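**Student:** Residues per chain, in single letters:
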Amino acid sequence: MDNFVSVSKLTKRYGDFTAVDNLSFEVKEREVFGFLGPNGAGKSTTLHVICNLTGFDKGEISVGGHDLRRETRIVKSLIGLVPQEIALYPTLSAYENVAFFASLYGLSGRALKSAVLEALEFVGLSDCVKKRAEKMSGGMQRRLNIACGIAHKPKLIVMDEPTVGVDPQSREQIMRSIRKLRENGATIIYTSHYMPEVQEICDRIAIIDGGRLAASGTEEELLKMVTDVKTITIDCPKIDEKIINFIVDLPDVKRVKYQEKLKIEVPLRFTGISTILQALVDNGVPVDNLKTDAPNLETTFLALTGKELR
Amino acid sequence: MIYIIKKQFLILIRDKGSLFFTVLFPALLVMILGNMLDKLDNPDSVIGDINLQYIGINTKILPKIDGVSFIEASSFEAAKIAVEADAATAAVQFSERGIELYQGRDSIKNRALESVFRGISIGAVNSEKTFVQTKNLGYNRTMLDYYAVTMIAMIVFMGGGVSGASTVFEERKNGTLSRTAMSPKSRASLYFGTVLSFLPQSALQVICTMLPSILIFNAHYANTIAGNLLLFSMFFIVGISTCSVFALVGLFIKINPTMVIMPAVWALMFLSGSFAQDVYITGFSDILPPRLVQNAAFELTIFGRYEKCVSAIIVSAFVLALSSVLGAIIFSRKAKI
Numbered sequence: 011m012d013n014f015v016s017v018s019k020l021t022k023r024y025g026d027f028t029a030v031d032n033l034s035f036e037v038k039e040r041e042v043f044g045f046l047g048p049n050g051a052g053k054s055t056t057l058h059v060i061c062n063l064t065g066f067d068k069g070e071i072s073v074g075g076h077d078l079r080r081e082t083r084i085v086k087s088l089i090g091l092v093p094q095e096i097a098l099y100p101t102l103s104a105y106e107n108v109a110f111f112a113s114l115y116g117l118s119g120r121a122l123k124s125a126v127l128e129a130l131e132f133v134g135l136s137d138c139v140k141k142r143a144e145k146m147s148g149g150m151q152r153r154l155n156i157a158c159g160i161a162h163k164p165k166l167i168v169m170d171e172p173t174v175g176v177d178p179q180s181r182e183q184i185m186r187s188i189r190k191l192r193e194n195g196a197t198i199i200y201t202s203h204y205m206p207e208v209q210e211i212c213d214r215i216a217i218i219d220g221g222r223l224a225a226s227g228t229e230e231e232l233l234k235m236v237t238d239v240k241t242i243t244i245d246c247p248k249i250d251e252k253i254i255n256f257i258v259d260l261p262d263v264k265r266v267k268y269q270e271k272l273k274i275e276v277p278l279r280f281t282g283i284s285t286i287l288q289a290l291v292d293n294g295v296p297v298d299n300l301k302t303d304a305p306n307l308e309t310t311f312l313a314l315t316g317k318e319l320r
Numbered sequence: 009m010i011y012i013i014k015k016q017f018l019i020l021i022r023d024k025g026s027l028f029f030t031v032l033f034p035a036l037l038v039m040i041l042g043n044m045l046d047k048l049d050n051p052d053s054v055i056g057d058i059n060l061q062y063i064g065i066n067t068k069i070l071p072k073i074d075g076v077s078f079i080e081a082s083s084f085e086a087a088k089i090a091v092e093a094d095a096a097t098a099a100v101q102f103s104e105r106g107i108e109l110y111q112g113r114d115s116i117k118n119r120a121l122e123s124v125f126r127g128i129s130i131g132a133v134n135s136e137k138t139f140v141q142t143k144n145l146g147y148n149r150t151m152l153d154y155y156a157v158t159m160i161a162m163i164v165f166m167g168g169g170v171s172g173a174s175t176v177f178e179e180r181k182n183g184t185l186s187r188t189a190m191s192p193k194s195r196a197s198l199y200f201g202t203v204l205s206f207l208p209q210s211a212l213q214v215i216c217t218m219l220p221s222i223l224i225f226n227a228h229y230a231n232t233i234a235g236n237l238l239l240f241s242m243f244f245i246v247g248i249s250t251c252s253v254f255a256l257v258g259l260f261i262k263i264n265p266t267m268v269i270m271p272a273v274w275a276l277m278f279l280s281g282s283f284a285q286d287v288y289i290t291g292f293s294d295i296l297p298p299r300l301v302q303n304a305a306f307e308l309t310i311f312g313r314y315e316k317c318v319s320a321i322i323v324s325a326f327v328l329a330l331s332s333v334l335g336a337i338i339f340s341r342k343a344k345i
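Chains as they are written, first to last, in the numbering used here: chain B, 11 to 320; chain Y, 9 to 345.
Just chain Y, same shape as in the assembly (with noise of 0.2 Å):
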């Protein structure tokens, strides 16, 4: 199995078109994204003081951020109503189904809102500092930190589909795979081998998104050392067994995978909605992959919260393990290369 991922790996490196969407193509789109959004974004403006009429809850167990105000409401359509004549920020009413949030007019100030009450933990009452506090939640966070993480999971499914689908098109178009097949070696292993080879280029496409943001734009992701190899690791998985599915779709399709693989992943992405959302535009689904895999990382870099990284590493492995062995079923009882 060294053999493939040695070949693979050599094939990576002097394939153009291969080259493009494994390095260059993240690379590209860091550079083009950071420096359209480093212009747009000014990560030190103040949003301005956000003055929240709230009602349902202790005044005690409130939050306590700087720049946030709270003042106790008579009723939740009143504080509606001072909301619609731009009097507060926006409206909260604390129940027992969780927290309600009526927005006012100015978006960025509602963004900030949205992140604020996503950190707040009604039960951490007693700590002095919330997650909102500790992170400084929404304030020095740049355009390009939330693009960054969709600009990664749009670059692992895309670069995954076309790469697995495309490795055994390529094969096939190229005459060596009934040559490989031919050999001694159990098939099973030929393709467990070709699975194996996906390794380098999974890394090599997250490391050169993730580098350049980060050395050149200054792209934050997770607080730490161990929240970032957390985040890599998600995000190479991710992109393993993508390339490990589309790589059992390679074994029926016959033409070349790009013009089926890029529109289809597209649609994906488009479908999940995330990287939509923060243009305002709502997914079809908040279910698919792509959804989940950057909910995942966004629930790290923002929140802290790693367990749904975790969770999308352990299903990511599953469904690597499960389509490797499917693949290898299909392509050892496959009557005609």
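For reference, chain B alone in the conformation it holds in the complex (with noise of 0.2 Å):
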């Protein structure tokens, strides 16, 4: 796939602060780019200078072969943004909403109509077009704030924490709208501080902290950066030196420790559970639970930046 999105060395200050310092990403077409990082990292500036509601000091950016500074006109009609805060007119009804935003995109008539209408219908609210956006509930809103950002069908759809605060259930039908949009080619740029969504929707992910980019890659490619071990948590009371010896000599363990539970580091391959369990019954030590921690990307992405993700 070619890239869609690319960022070359993007850097923003203001004044004496640099908020992206040499930002530098691709998103190829129709993937679901998945943007991490703590809060002040940068990913909101970079999402408003892509968007074009700021500038930018240096760097080149480019979308669907447009550069930004150039073609500014032509990547503006490319992208839909739906943004974190709730961008709605709170008297107008969801239609209206929806009318009017995709009016901008220079939508009139029938096709105005017509767009309104399969917007609705793809987030759901197809039995709300002449509710008022005030009248809504949060989840609704936030539906009604996606589809004022793709009614006009938009190449490029940036999404900023667009589940944040709902119900579960419009959490979901907001997930499988957005699986629904690359279904139909559009290319996604996504963030979210919900570990589990961005595992869950994204083909890759940047992660990025103090304006830098730290990492980028799929999940798995990211997983690897950090670690090759998981641990094996057993609750357990506390066994006697010998046994911990025991175990620490089986091939391919790492470490092991007790502190309250017993825990062992091994390979993320690792085969011989059975060995250890074996090993702690035959010395009549009674186990009460056995949990296995693979690393994800919280841990990941805690050994990227140093920092929890909220």
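Simulated from the structure, these hints should not be mistaken for lab results.
Where hints are given, some of them may not hold.
Said to hold, decoys possible - Now the in silico label distances, taken between C-beta atoms and shown as ranges:
| # | chain 1 | residue 1 | chain 2 | residue 2 | range |
| --- | --- | --- | --- | --- | --- |
| 1 | B | Arg222 | Y | Ser194 | 27 to 35 Å |
| 2 | Y | Pro208 | B | Glu182 | 36 to 44 Å |
| 3 | B | Asn194 | Y | Ile21 | 35 to 43 Å |
| 4 | Y | Phe260 | B | Asn306 | 46 to 54 Å |
| 5 | B | Asp77 | Y | Ser319 | 44 to 52 Å |
| 6 | Y | Glu315 | B | Glu144 | 43 to 51 Å |
| 7 | Y | Leu223 | B | Gln179 | 52 to 60 Å |
| 8 | Y | Ser194 | B | Glu308 | 28 to 36 Å |
| 9 | Y | Ile222 | B | Lys145 | 37 to 45 Å |
| 10 | B | Glu128 | Y | Ile21 | 27 to 35 Å |
| 11 | Y | Leu223 | B | Lys145 | 30 to 38 Å |
| 12 | B | Asn306 | Y | Lys24 | 30 to 38 Å |
| 13 | B | Glu144 | Y | Trp274 | 28 to 36 Å |
| 14 | B | Glu193 | Y | Leu18 | 29 to 37 Å |
Note that the coordinates shown come from a computational prediction; the quantities given were computed from them, not determined experimentally.
Think of the CB as a built atom: it goes at the ideal place given N, C-alpha and C, for glycine as much as any other residue.
Got two chains here, each in a separate frame; can you build the complex from them with the hints?
**Tutor:** Rendered as structure tokens:
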């Protein structure tokens, strides 16, 4: 797949503060690209620059093969934004909100009407066409927010935490919509603080911290960057040093320690759990519970940035 | 741009705050003021005879007005003494500099006299009827007739100011400003569309003040349909230009404009003085916009002179164009919305 979005050496400063520092990444056509970072990492600034809501100091950005600075109008026509904050006119109905924003992209007449109804159906709001935005629940407003961003069928959809504060049903509806958008050929840049969402929906992920790119790649590639071990945790009473040494000597076991629970670090493909359990049983050690913690994005993120995601 | 106008109009008629200031507040003001002034004012009451002692002009060229008699005095000082002794309503001296009027204690007669002498044209002595005689000036105009004009001016400036500044503020608060600005439409066209969207609002404000005052309280504005259309046009375009100027201000203020603009417009109205002139408080300046607009309206409604109204329309149109262009440039170049 070709790159649909190309960001090269992007730098954005606010006075002495550098919000984005020499950032480079590509988003392939028709992929869902996750953008992760702690608060203040520069995610929103990067998205705002791509959407031409704010200027930038250095670098080059192209969307769909068009340079953002030289062909701004064309680039803008390719993008649909679903902002983090709900951006709707409270006293306008669902139809009127979508129709207004779609009209700004040149749609009119029957084409406009058809696009609006299609967008509302897409997000599951066909029954609320005449309902005012202020009368809708938070989840419905989020879906309407999405409808306003996609009605004009943009090639690139930028979604800034589209599911924040919504109920699980609405979240599921939104996730279904995003999958459909991808199937329909849209390229999506998606930011979220909710790791399971990112893992579920994104093809590739970029981790940004302090305005710089910490890492990017598929989930598997990112996990491998940080660690190739998993931790086996066994709930049992304190055990003899002799048993610990036995476990340490087992092939592929990297580290063993006991701190209220027995924790054993092993490679991701370790298959000797039954040997460990047998050793414990043979020595009369009762086992209450066993758990395996494989590395995940959360731990990867923490390892790469040193920060919690929230 | 038509979609912006349509969107703003829908917001106007659905938003309780906007609806209040545009439709209800003017109508309410008319109802309250009209009721109050209706009871205080008897348009058919006779002002009484007015005896004027004058000097400095030939009797033959003095206007002939029922109830007004002119007695030639030996000197202006003697005429003044007569006024102070309540032997005359007022003393008048005609000279090259103009008309000097020394008024007595009767405030109602004094107001009538001011109207009379504003309407006097010394050069028109051969015409059978003066402005005063044609309009029956000052005798049949009610208090509401005077206040109605002031009321419309207050509403267009206040309503226009708050609405203009609030438009940008509300868009920013709703988050829709960013969303609109990132569309392929140029920011200049978006801004011009917003300015044009003030058209229905401005029309509604003037209509909601003029119509109830005419239909319910029999307020008089201009004497002819053409005059009333001209008056409406003036207030209409003053309203839009006020919206436009304050929309430009709204690009810069980040707090609720009502808290800032409302007191500022009140101060402007007070300092203008014409609202206060009817209660005998002189304004701070004769050149503030509300004062100029009200004077233009009074010139048309009381004296039938339209020149100041036309000037007000031209100046307002210029202000509208300038503020729109400036606003569009600033909005286009603003680095961060």
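**Student:** Evaluate each hint against the coordinates.
**Tutor:** Evaluation of the provided hints:
no. : hint                             : result
1   : Arg222/B to Ser194/Y: 27 to 35 Å : holds, 34 Å
2   : Pro208/Y to Glu182/B: 36 to 44 Å : holds, 43 Å
3   : Asn194/B to Ile21/Y: 35 to 43 Å  : holds, 37 Å
4   : Phe260/Y to Asn306/B: 46 to 54 Å : holds, 47 Å
5   : Asp77/B to Ser319/Y: 44 to 52 Å  : holds, 50 Å
6   : Glu315/Y to Glu144/B: 43 to 51 Å : holds, 49 Å
7   : Leu223/Y to Gln179/B: 52 to 60 Å : holds, 54 Å
8   : Ser194/Y to Glu308/B: 28 to 36 Å : violated, 44 Å
9   : Ile222/Y to Lys145/B: 37 to 45 Å : holds, 38 Å
10  : Glu128/B to Ile21/Y: 27 to 35 Å  : holds, 28 Å
11  : Leu223/Y to Lys145/B: 30 to 38 Å : holds, 36 Å
12  : Asn306/B to Lys24/Y: 30 to 38 Å  : violated, 49 Å
13  : Glu144/B to Trp274/Y: 28 to 36 Å : holds, 31 Å
14  : Glu193/B to Leu18/Y: 29 to 37 Å  : holds, 35 Å
Of the hints listed earlier, those the structure fails to meet are numbers 8 and 12, in rising order.
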